[in-house]
Amino acid sequence: MAGYLDDPVATHEVLADGWLRTGDLGRLDEDGHLTLVGRKKDVILDASGKNVYPDELEELYGRTALIKELSVVGLPDGKAHERVACLCVPASRDDRAKVEEHFAKISAELPFWKRVKVLHFWEGDLPKTATRKVKRPLVIAELLRLEKATAAATRLATEPAGSDAWLYDLLADLAQRPRGSVTAQTRLVADLGFDSLLVAELTVALEKAGVKAPAEAESATLATAGELARRLEKREDAPIPASGPVRERNDADIFVPGAVAAAGRTAIGFFQKALYGGIFQAEVSGQANVPANGAFLVAANHASHLDVGLVKIALGEEGTKLASLAARDYFFDNPWKRAWFGNFTNLVPIQRRGSLKESLHTAVRTLELGYHLLIFPEGTRSPDGALQDFKPAIAYLSFAAGADILPVYLEGTHEAMPKGAFLPDPRKRRKLVVRIGPVLRYEELRASTQGLARSAAHKEVTRLVRLAIEALRDGKPPPQIGRPGRLLEASR
1 MAGYLDDPVA THEVLADGWL RTGDLGRLDE DGHLTLVGRK KDVILDASGK NVYPDELEEL
61 YGRTALIKEL SVVGLPDGKA HERVACLCVP ASRDDRAKVE EHFAKISAEL PFWKRVKVLH
121 FWEGDLPKTA TRKVKRPLVI AELLRLEKAT AAATRLATEP AGSDAWLYDL LADLAQRPRG
181 SVTAQTRLVA DLGFDSLLVA ELTVALEKAG VKAPAEAESA TLATAGELAR RLEKREDAPI
241 PASGPVRERN DADIFVPGAV AAAGRTAIGF FQKALYGGIF QAEVSGQANV PANGAFLVAA
301 NHASHLDVGL VKIALGEEGT KLASLAARDY FFDNPWKRAW FGNFTNLVPI QRRGSLKESL
361 HTAVRTLELG YHLLIFPEGT RSPDGALQDF KPAIAYLSFA AGADILPVYL EGTHEAMPKG
421 AFLPDPRKRR KLVVRIGPVL RYEELRASTQ GLARSAAHKE VTRLVRLAIE ALRDGKPPPQ
481 IGRPGRLLEA SR
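Just so you know, the working numbering puts the end of the sequence shown at 492, numbered straight through with nothing missing.
Keep in mind that the hints were calculated from the coordinates and are not lab data.
Treat the hints with caution; some may be incorrect.
Once the Cα atoms are required to be at most 20 Å apart in a straight line, the calculated SDA-like pairs of lysine to any residue come out as [said to hold, decoys possible]:
1) LYS419 / LYS476
2) LYS117 / ARG63
3) LYS114 / ASN293
4) LYS79 / ALA421
5) LYS105 / ARG83
6) LYS114 / GLY32
7) LYS114 / ARG83
8) LYS68 / PRO127
9) LYS117 / VAL43
10) LYS114 / ASP46
11) LYS273 / ASP425
12) LYS321 / ASP384
13) LYS476 / ALA274
14) LYS105 / SER455
15) LYS428 / ASP384
16) LYS41 / ALA91
17) LYS133 / GLY278
18) LYS50 / LYS68
19) LYS68 / VAL89
20) LYS105 / ALA91
21) LYS41 / LYS68
22) LYS133 / GLY62
23) LYS41 / LYS105
24) LYS148 / PRO76
25) LYS117 / LYS419
26) LYS135 / ASP125
27) LYS428 / GLY370
All chains should be built: construct the whole structure from the sequences, respecting the hints.
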């Protein structure tokens, strides 16, 4: 090859000293065998800074007759990194639920950074070149459009009751029209060009927002956007959207404008700094142990309502991304609480007596969105300040999300505001102590429990977390992770 015709820039990029830079990436094993892993231009750089090879994931996720074809790409996250995303063509529209289960199963066997975080379905063939290679840039553009449409649908949970603006914005996004151009009188077919493909995409976006879409046959009888809006089910049936720290809302809720919520969060941040740095004296040690990259779990003892804010302050800059699980029936049981905790805090509501699977899924989704998650393994506040039994949910979440665990011990919060107290009392205990221990790495936890049954592995990791927190309490060295199936406590 002498070069590209009339294109010296492109020629210079690929030819050097008699070599052709093909752009392929390979891996050499110990015996010198070369395995091609993908194209350099297609490599995905995830939020943790690790390289992800799309070809490898396409092979892993594509090993099923349920999938006709798929393409794995990186979607920009706005922070110079990418999310692993997939545009998938199921063999049948009826197979979508099974395909999602297949993706979940494959993801559970992969490290967190390799897992597909964004999955959208596509009808028809993926865009290809003349040589039948998938055009990844077009796949990225389509996924970004679908993500934008899904985000518009999930915004219904924050719109004032009775407003259909969210739906009109969604229709505009799907039809690639300017927002504000769709009204109740806009015709779905004549004006927006809705066909069976767009109807299918609309259905997926609505389902992700928790709204039951009309059947395909019924959709064909709807002429305008206004008719579609009237046909949709009442919005109070919609579940919490999974697009950020979860918010509670129904028709009885108190609407808080976004600007007010943002100002309130800023004010609360200043108040917390004044509370823990003035009224109380927070002494923090071990801040150097706080991971700088990627979402992680924080495991702490729990004895007071002061604990959440104290951990947030102790984490410094990373504390702004801290979310914590909260009982829906306690913190979100009336409109006033929902307005406060849903708009001015990062509390994630879960059912204490509902589906454990649903609650854990919500927690994993929170980590996937880039938030650190504060977990109190004891489950509830200690009545006397002493450590209670630890529940294995912390281990489940670490394994499910591929997340590291940061152990933290809190001292003094029980005396300052014990369980049952309505307000903190600095006269009883003014000095609050936070000790942050070395992070427990997910990879090491996985390796240490290799060969154990899942329940046994969860119990073992939970035991290690407790040992780490006890070591912080007692001022002893942290526990050491031993060989698979065995955890070694540090020598006294």
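Here is how each hint holds up against the structure:
At roughly 28 Å between alpha-carbon atoms, LYS419 and LYS476 are farther apart than 20 Å, so this suggested pair is violated. With a C-alpha separation of about 18 Å, the suggested pairing of LYS117 with ARG63 holds against the 20 Å cut-off. Between the alpha carbons of LYS114 and ASN293 the distance comes to roughly 16 Å, so the proposed pair stays at or under 20 Å and holds. At most 20 Å may separate the alpha-carbon atoms for a hinted pair to count; LYS79 and ALA421 exceed this at roughly 42 Å.
Using a Cα cut-off of 20 Å, the hinted pair LYS105 and ARG83 holds, with the two alpha carbons roughly 19 Å apart. Pair hint LYS114 plus GLY32 does not hold up; C-alpha atoms about 25 Å apart against a cutoff of 20 Å. The hinted pair formed by LYS114 and ARG83 meets the criterion: a straight-line CA distance of about 10 Å does not exceed 20 Å. For the proposed pair LYS68 and PRO127, the alpha carbon gap of about 14 Å is at most 20 Å, so the pair holds.
Restraint check for LYS117 and VAL43: satisfied, since their Cα atoms lie roughly 16 Å apart, inside the 20 Å limit. In summary, the hint linking LYS114 to ASP46 is supported, as the alpha carbons are separated by about 8 Å, within the 20 Å threshold. As the CA atoms of LYS273 and ASP425 are separated by approximately 17 Å, the hinted pair is consistent with the 20 Å bound. With a C-alpha separation of about 30 Å, the suggested pairing of LYS321 with ASP384 is violated against the 20 Å cut-off.
Distance hint between LYS476 and ALA274 is unfulfilled; the C-alpha atoms sit about 31 Å from each other, more than 20 Å. Simply put, LYS105 and SER455 have alpha-carbon atoms about 18 Å apart, close enough for the 20 Å limit, and the pair holds. For the hint pairing LYS428 with ASP384, the CA-to-CA distance comes to about 15 Å; that is within 20 Å, so the pair holds. Straight-line distance between C-alpha atoms of LYS41 and ALA91 comes to about 29 Å, which puts the hinted pair past the 20 Å bound.
A threshold of 20 Å between alpha carbons decides the hint, and for LYS133 with GLY278 the separation of about 62 Å lies outside it, so the pair is violated. Using a Cα cut-off of 20 Å, the hinted pair LYS50 and LYS68 is violated, with the two alpha carbons roughly 29 Å apart. For the suggested pair LYS68 and VAL89, the alpha carbons sit about 6 Å apart, so the restraint of at most 20 Å is met. For a cut-off of 20 Å, the pair hint linking LYS105 to ALA91 stands: about 18 Å separates their Cα positions.
A C-alpha spacing of about 25 Å is found between LYS41 and LYS68, which places the hinted pair above 20 Å, so the restraint is violated. Pair hint LYS133 plus GLY62 holds up; C-alpha atoms about 16 Å apart against a cutoff of 20 Å. Pair hint LYS41 plus LYS105 does not hold up; C-alpha atoms about 28 Å apart against a cutoff of 20 Å. For the given pair, LYS148 sits about 13 Å from PRO76 by alpha-carbon distance, which is consistent with the 20 Å threshold.
This hinted pair does not check out: LYS117 and LYS419 have alpha carbons roughly 39 Å apart, beyond 20 Å. Under the criterion of a C-alpha separation no larger than 20 Å, the hint pairing LYS135 with ASP125 is consistent with the structure, at around 11 Å. As the CA atoms of LYS428 and GLY370 are separated by approximately 37 Å, the hinted pair breaks the 20 Å bound.
Hint violations for this structure: numbers 1, 4, 6, 12, 13, 16, 17, 18, 21, 23, 25 and 27, all remaining hints satisfied.
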